[in-house]
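Participant: So the sequences go chain by chain: C and A. Each residue of the first sequence is one higher than the one before, counting from 1 in the numbering used here. Each residue of the second sequence is one higher than the one before, counting from 1001 in the numbering used here.
Since the hints were derived computationally from the structure, they do not count as laboratory data. Quick caveat, the model's predicted, so the values are computed rather than measured. Positions of the beta carbon are idealized from the N, C-alpha and C atoms, including for glycine. Incorrect hints may appear among the rest.
Claimed, not checked - Taking lysine-lysine and the DSS-like style, the derived pairs with C-alpha atoms no more than 25 Å apart in a straight line are:
id	chain 1	residue 1	chain 2	residue 2
1	A	Lys-1048	C	Lys-80
2	C	Lys-77	A	Lys-1060
3	A	Lys-1061	A	Lys-1091
4	A	Lys-1048	C	Lys-82
5	A	Lys-1022	C	Lys-33
6	A	Lys-1022	C	Lys-82
7	C	Lys-82	C	Lys-33
8	C	Lys-80	A	Lys-1008
9	A	Lys-1048	C	Lys-77
10	C	Lys-33	C	Lys-80
11	A	Lys-1048	A	Lys-1091
12	A	Lys-1060	A	Lys-1022
13	A	Lys-1091	A	Lys-1022
14	A	Lys-1008	A	Lys-1022
Said to hold, decoys possible - Some, not all, of what chain A presents toward chain C, calculated at C-beta under 10 Å:
id	residue
15	Leu-1038
16	Gln-1041
17	Leu-1063
18	Asn-1067
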Amino acid sequence: MMQSMDDPSSASQTVSEPLDLIRLSLDERIYVKCRGGRELRGRLHAYDEHLNMVLGNVEETVTQVEIHEETYEEIVKSSKRKVELLFVRGDGVILVSPPLRIG
Amino acid sequence: MIFETFFKLLCEGNTRITVHMKNDLVIEGNIQNVDQHLNIQLDDIDVKDNEINPYLLSVKKLLVRGNTISHISIPGDTGIDLDPIQEYGLKQLERAN
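Generate coordinates for the entire structure from the input sequences, incorporating the hints supplied.
Facilitator: Shown next as structure tokens:
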């Protein structure tokens, strides 16, 4: 727990624990990696201490690796879908980060 | 607290949500009630892809245990303003600190 601060407005600006890093991303676009090969990219509207989250304008990418029965080669399949508003239960979340930049 | 409040708002609007469960079951229904564990009561359900799971064909209402939910799709036009919920959540965090 943080020590009490004299200035209440600055209490919400210091980063003292991991959840504070997520607080900095509120209303920003973030990248979330979830269990089951699921990746989400959307705007963070709300979160709690369990990492339950509500994301807006989300693009969900599900990636599955299947192994061909005879040739034993790996087949990587990924599917995308868009969701306007998405509630994510925290126990499925692996990591949260700013969106990955390409290049 | 914050997400319980969020879902209670959806209940008032009788919003039709789509619950994706961890066992890959997808159930669409009107959200009727929610509790502190985020267990969700749904009405007038419609199970997507009835072929893999025909067991709920005759079911109209059900309760989904919160911890079995993977994620929930909500239509964007619910008309719910998320800003007060966001501020409420931030205040809760400040109080916790």
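Participant: Each hint: holds or not?
Facilitator: Going through the hints against the structure:
1. Lys-1048(A) - Lys-80(C): 18 Å, holds
2. Lys-77(C) - Lys-1060(A): Not OK: Lys-77(C) and Lys-1060(A) at ~35 Å, beyond 25 Å, violated.
3. Lys-1061(A) - Lys-1091(A): 35 Å, violated
4. Lys-1048(A) - Lys-82(C): Holds, at about 17 Å.
5. Lys-1022(A) - Lys-33(C): Status holds; Cα separation ~15 Å.
6. Lys-1022(A) - Lys-82(C): 19 Å, holds
7. Lys-82(C) - Lys-33(C): 16 Å, holds
8. Lys-80(C) - Lys-1008(A): Status violated; Cα separation ~30 Å.
9. Lys-1048(A) - Lys-77(C): 22 Å, holds
10. Lys-33(C) - Lys-80(C): Distance ~14 Å between Lys-33(C) and Lys-80(C) Cα, so the pair holds.
11. Lys-1048(A) - Lys-1091(A): 38 Å, violated
12. Lys-1060(A) - Lys-1022(A): This hinted pair holds, its Cα atoms lying about 21 Å apart.
13. Lys-1091(A) - Lys-1022(A): Judged against 25 Å, a Cα distance of about 31 Å means the pair is violated.
14. Lys-1008(A) - Lys-1022(A): Given that 25 Å is the threshold and the Cα spacing comes to 23 Å, the pair holds.
15. Leu-1038: Since chain C brings a Cβ to about 7 Å from Leu-1038(A), closer than 10 Å, the hint holds.
16. Gln-1041: Result: violated, 15 Å to nearest chain C Cβ.
17. Leu-1063: Constraint on Leu-1063(A) not satisfied, violated at 16 Å.
18. Asn-1067: Asn-1067(A) check passes; min Cβ-Cβ to chain C is 7 Å, inside 10 Å.
Of the numbered hints given earlier, the model fails hints 2, 3, 8, 11, 13, 16 and 17; all others are met.
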